[in-house]
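For the protein sequence lines, the chains are A and B, in the order given.
My numbering numbers the first residue of the first sequence as 3 and each following residue consecutively.
My numbering numbers the first residue of the second sequence as -17 and each following residue consecutively.
Just so you know, the hints here were simulated from the structure itself, not pulled from any lab data.
Built from N, CA and C at the ideal position, the CB exists for glycine as well.
Keep in mind that a hint or two might mislead.
[What the hints assert, rightly or not] Simulated crosslink set (DSS-like; lysine-lysine; CA at most 25 Å straight-line):
| no. | chain 1 | residue 1 | chain 2 | residue 2 |
| --- | --- | --- | --- | --- |
| 1 | B | Lys98 | A | Lys90 |
| 2 | A | Lys98 | A | Lys122 |
| 3 | B | Lys98 | A | Lys122 |
| 4 | A | Lys90 | A | Lys122 |
[Unchecked claim] From chain A, some residues computed to sit far from chain B (all C-beta separations above 10 Å):
| no. | residue |
| --- | --- |
| 5 | Ala71 |
| 6 | Asp84 |
| 7 | Val124 |
| 8 | Arg126 |
| 9 | Gly142 |
| 10 | Lys163 |
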Amino acid sequence: MSAVTEARVWEALAEIPDPEIPVISLVDLGVVKDVSVEGERVRIEFTPTFMGCPALETMRRQMEDAVSALGAEPQVDVVLDDSWSTDKITAAGREKLREAGFAPPAPRAEGEPTLLQLGKAVHRCPYCGSTETRLDNIFGPTPCRSVRYCASCRQPYEQFKTI
Amino acid sequence: MQARLRAEIALELADDELILGWRNSEWTGIAPFLEEDVAFSSIAQNEIGHARALYELAARDLGDGRDADALAFDRAPHEYRCAPLVQLRLVPDWARTVARHVLYEAADAVRIAALKEHPDAELAGIAAKIEREEAYHRLHAEMWLERLREEERFAAALEELWPFALGILDAELRPALAERFARPEVDAVERAAPGAEFAELWDEMTVVRRSAPVGAQW
Chain A
3 MSAVTEARVW EALAEIPDPE IPVISLVDLG VVKDVSVEGE RVRIEFTPTF
53 MGCPALETMR RQMEDAVSAL GAEPQVDVVL DDSWSTDKIT AAGREKLREA
103 GFAPPAPRAE GEPTLLQLGK AVHRCPYCGS TETRLDNIFG PTPCRSVRYC
153 ASCRQPYEQF KTI
Chain B
-17 MQARLRAEIA LELADDELIL GWRNSEWTGI APFLEEDVAF SSIAQNEIGH
33 ARALYELAAR DLGDGRDADA LAFDRAPHEY RCAPLVQLRL VPDWARTVAR
83 HVLYEAADAV RIAALKEHPD AELAGIAAKI EREEAYHRLH AEMWLERLRE
133 EERFAAALEE LWPFALGILD AELRPALAER FARPEVDAVE RAAPGAEFAE
183 LWDEMTVVRR SAPVGAQW
């Protein structure tokens, strides 16, 4: 077996679907902060999304399994700070979210989100593309999602929260 | 930073978040309408997530073999340090629940902003991450504050719980909260050994863990 390289680890991680939104991979989600290889040991720096997300343990285990499958020894270090934000979701990831009916997060603005911003009709419906949408609930089925409603196609939809 | 001291800070904050998360989750299924059912459940999930990260840090610092779950569920009731505000059982009183939510989120914002500047990088990092999520709790609280501002029952609840809100914070942070609400810095209801209402919650919260067979893996 050839030696494990960082590129091979990244490729393997890009195959792991998000446990709750499987259309997007962990790499698309931007939660893999860094990969380093030292001999047989692979160290992954993992920046969780929401701290109360029940999928975190699953993500961690899947990354360990992926590294083990490459014949290396995994070490997943959880980094808890504000280095992950929804801006880390890749362009490809955003497009996959939209196709699956999840509106991708708006880019982070300076400062905290405001009710005014969330209420504004700048958020695009992932189904019909209309901006005639309104916020129905800041909170949704998981910590990372809000619920919005599109007045054009009369479709409620889930919006990834910007954090 | 001294590990012991850091564990103290983390434990106090974790206990507040765990117990408030527990109290918020008491609305799951019985909130006045579906959106609030979802909101309070989601906020509870976030708070308990914050508690978990803080207990993990405390467990590492204490290094006495207890993990995050042991710190959350295996301590005796008198060992918890949570503030009296989060201990109150407010179901089914929505006005008082929203008043607590508004006051707690504001007090927590003051505390987390201060912790973000802490010289210990790990504590500061966790605080920065918590702050991102809690921005949405504050928006939700702000929305309810607007909605209920003129309501008599809500005003009475804010008045009643104000001294409890001050008790969330260390003395030096209280003026910032008082300024935010344009209220006087009255005598706070300070952290003390938890009372009977907490004992009841503890009993309920730990029953599964206490009744698990020896060696059970979670």
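Results of checking the hints against the structure:
no.: 1; hint: Lys98(B) - Lys90(A); verdict: holds, 21 Å
no.: 2; hint: Lys98(A) - Lys122(A); verdict: holds, 24 Å
no.: 3; hint: Lys98(B) - Lys122(A); verdict: violated, 30 Å
no.: 4; hint: Lys90(A) - Lys122(A); verdict: holds, 23 Å
no.: 5; hint: Ala71; verdict: holds, 24 Å
no.: 6; hint: Asp84; verdict: violated, 4 Å
no.: 7; hint: Val124; verdict: holds, 17 Å
no.: 8; hint: Arg126; verdict: holds, 20 Å
no.: 9; hint: Gly142; verdict: violated, 7 Å
no.: 10; hint: Lys163; verdict: violated, 6 Å
Comparing the model with each earlier hint shows violations of hints 3, 6, 9, 10; every other hint is respected.
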